[in-house]
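Asker: From first to last, the protein sequence lines stand for chains A and B. The opening position of the first sequence corresponds to residue 168 in my numbering, with each subsequent residue numbered one higher. The opening position of the second sequence corresponds to residue 168 in my numbering, with each subsequent residue numbered one higher.
Misleading hints may appear alongside valid ones.
Pairs count within a copy or across copies, as identical chains cannot be separated in the list.
[Claimed, not checked] With a straight-line cut-off of 25 Å between C-alpha atoms, the simulated SDA-like cross-links for lysine to any residue are:
id: 1; residue 1: K379; residue 2: A179
id: 2; residue 1: K182; residue 2: N256
id: 3; residue 1: K182; residue 2: K192
id: 4; residue 1: K241; residue 2: L344
id: 5; residue 1: K182; residue 2: E347
id: 6; residue 1: K241; residue 2: L352
id: 7; residue 1: K241; residue 2: G351
id: 8; residue 1: K241; residue 2: D341
id: 9; residue 1: K323; residue 2: I252
id: 10; residue 1: K182; residue 2: V172
id: 11; residue 1: K241; residue 2: L346
id: 12; residue 1: K323; residue 2: M257
id: 13; residue 1: K379; residue 2: G366
id: 14; residue 1: K192; residue 2: R342
Keep in mind the hints are simulated off the structure, nothing from the lab.
Protein chains: 2
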Amino acid sequence: MKIDVRRNILEANQKLALENAEFFKANRVLAVNVMASPGAGKTSTILATIERLAPQASFKVIEGDIASSIDTDKIAARGIAVLQINTGNMCHLDAPMIGRVLQRFDYDAPSILFIENVGNLVCPAEFGIGADLNIVIASVPEGHDKPAKYPAIFMKSDAILLNKIDSRDSEEFDRPLFLETTQGLNRSAPCFEISCRTGAGLDAWCGWLLEKFQAKCL
Amino acid sequence: MKIDVRRNILEANQKLALENAEFFKANRVLAVNVMASPGAGKTSTILATIERLAPQASFKVIEGDIASSIDTDKIAARGIAVLQINTGNMCHLDAPMIGRVLQRFDYDAPSILFIENVGNLVCPAEFGIGADLNIVIASVPEGHDKPAKYPAIFMKSDAILLNKIDSRDSEEFDRPLFLETTQGLNRSAPCFEISCRTGAGLDAWCGWLLEKFQAKCL
Numbered sequence: 168m169k170i171d172v173r174r175n176i177l178e179a180n181q182k183l184a185l186e187n188a189e190f191f192k193a194n195r196v197l198a199v200n201v202m203a204s205p206g207a208g209k210t211s212t213i214l215a216t217i218e219r220l221a222p223q224a225s226f227k228v229i230e231g232d233i234a235s236s237i238d239t240d241k242i243a244a245r246g247i248a249v250l251q252i253n254t255g256n257m258c259h260l261d262a263p264m265i266g267r268v269l270q271r272f273d274y275d276a277p278s279i280l281f282i283e284n285v286g287n288l289v290c291p292a293e294f295g296i297g298a299d300l301n302i303v304i305a306s307v308p309e310g311h312d313k314p315a316k317y318p319a320i321f322m323k324s325d326a327i328l329l330n331k332i333d334s335r336d337s338e339e340f341d342r343p344l345f346l347e348t349t350q351g352l353n354r355s356a357p358c359f360e361i362s363c364r365t366g367a368g369l370d371a372w373c374g375w376l377l378e379k380f381q382a383k384c385l
Numbered sequence: 168m169k170i171d172v173r174r175n176i177l178e179a180n181q182k183l184a185l186e187n188a189e190f191f192k193a194n195r196v197l198a199v200n201v202m203a204s205p206g207a208g209k210t211s212t213i214l215a216t217i218e219r220l221a222p223q224a225s226f227k228v229i230e231g232d233i234a235s236s237i238d239t240d241k242i243a244a245r246g247i248a249v250l251q252i253n254t255g256n257m258c259h260l261d262a263p264m265i266g267r268v269l270q271r272f273d274y275d276a277p278s279i280l281f282i283e284n285v286g287n288l289v290c291p292a293e294f295g296i297g298a299d300l301n302i303v304i305a306s307v308p309e310g311h312d313k314p315a316k317y318p319a320i321f322m323k324s325d326a327i328l329l330n331k332i333d334s335r336d337s338e339e340f341d342r343p344l345f346l347e348t349t350q351g352l353n354r355s356a357p358c359f360e361i362s363c364r365t366g367a368g369l370d371a372w373c374g375w376l377l378e379k380f381q382a383k384c385l
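Isolated chain A (complex conformation) (with noise of 0.2 Å):
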């Protein structure tokens, strides 16, 4: 009975996820599904993203949280087109709430559409809301052993991008084990190895992305 009623909650959102995925093809966006830990910094990459970026493209972003539009402000005060979703206790963003705001933005030229969801490394595995690409971003303090413990959402990922690598816990993190175990997991997804704060290894990141989004969109 239980997994009953989680099968047919998953397959009625696999079924919207779908109809977002054609909703982008048509109105050439790459939509990019932002996956993390709190804090691990899903704002501040975004933010950084769009800064190296915005000359080959245009941006939107949809911001997914329990409580509070903290990020959503600091998108807008940047000029980025940008929607709040506040889940209230949801633990993770799904295809129907994606879908109940997609049209409210406009799409006069492709753009690229970042949806950040809620920080959760569990639950935003288990719910596709129909984007072109997973990520997840894990970060340095956080520790080396979070693809192991979390390997649904590593296994589910396009690419994984490792950030705060400048930050002071690096000494007692364990990078080789860190890479070998997302390789493990996932063979096919790039890691990208960041610092928000210094900008290292960005360049490298928004690169692959762009790619995807010529490829997909233009």
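Fit chain B to the known structure of chain A by using the hints.
Answerer: Positioned in the frame of chain A, the structure of chain B alone reads:
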């Protein structure tokens, strides 16, 4: 329909949480539910606390993880009684999971039982497990805005710990704003600012916990 399923699950959980609480009382256990984001320092805090209070209390640990036994191995290596619960794709511990393993410890002396929840600032707040104390650990690298973004878990906690106060990120961390937000959400929970790396602040936290243990179990 969806709401009813949810309510039924929460009600069934609450019933078993009360049974766990009865078990703890009968066996002179102070049970502490430890909640936090991935990588905030749950295991480090548990180990540092046990090290300080070992002369005054007996300890047990239950480790909740999606996958792996990394933390259980760390704790067992110190000779502490520990049980692993792997939740699979479940993003939190619930009362039945705890109830199923409780019989496997010895209860010859009064003890403190740490129950390390899955790393997640959302779902663990909703599912009581019958613990005497619920605590949440935030950490400086996660940023000062976590209480505003994940209010429920801060509202439901009996103590709030802020870990990694020695982090270099503390330059960007707005400590007054963090304290003001947590106070606004939860006036009765003390906030302990700690560093498991340097030992700062641990005496105050351990003193508070020991008092709770003595009041209940001795």
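Asker: Which of the listed hints are not met by the structure?
Answerer: Hint check: 1, 5 and 14 fail, others pass.
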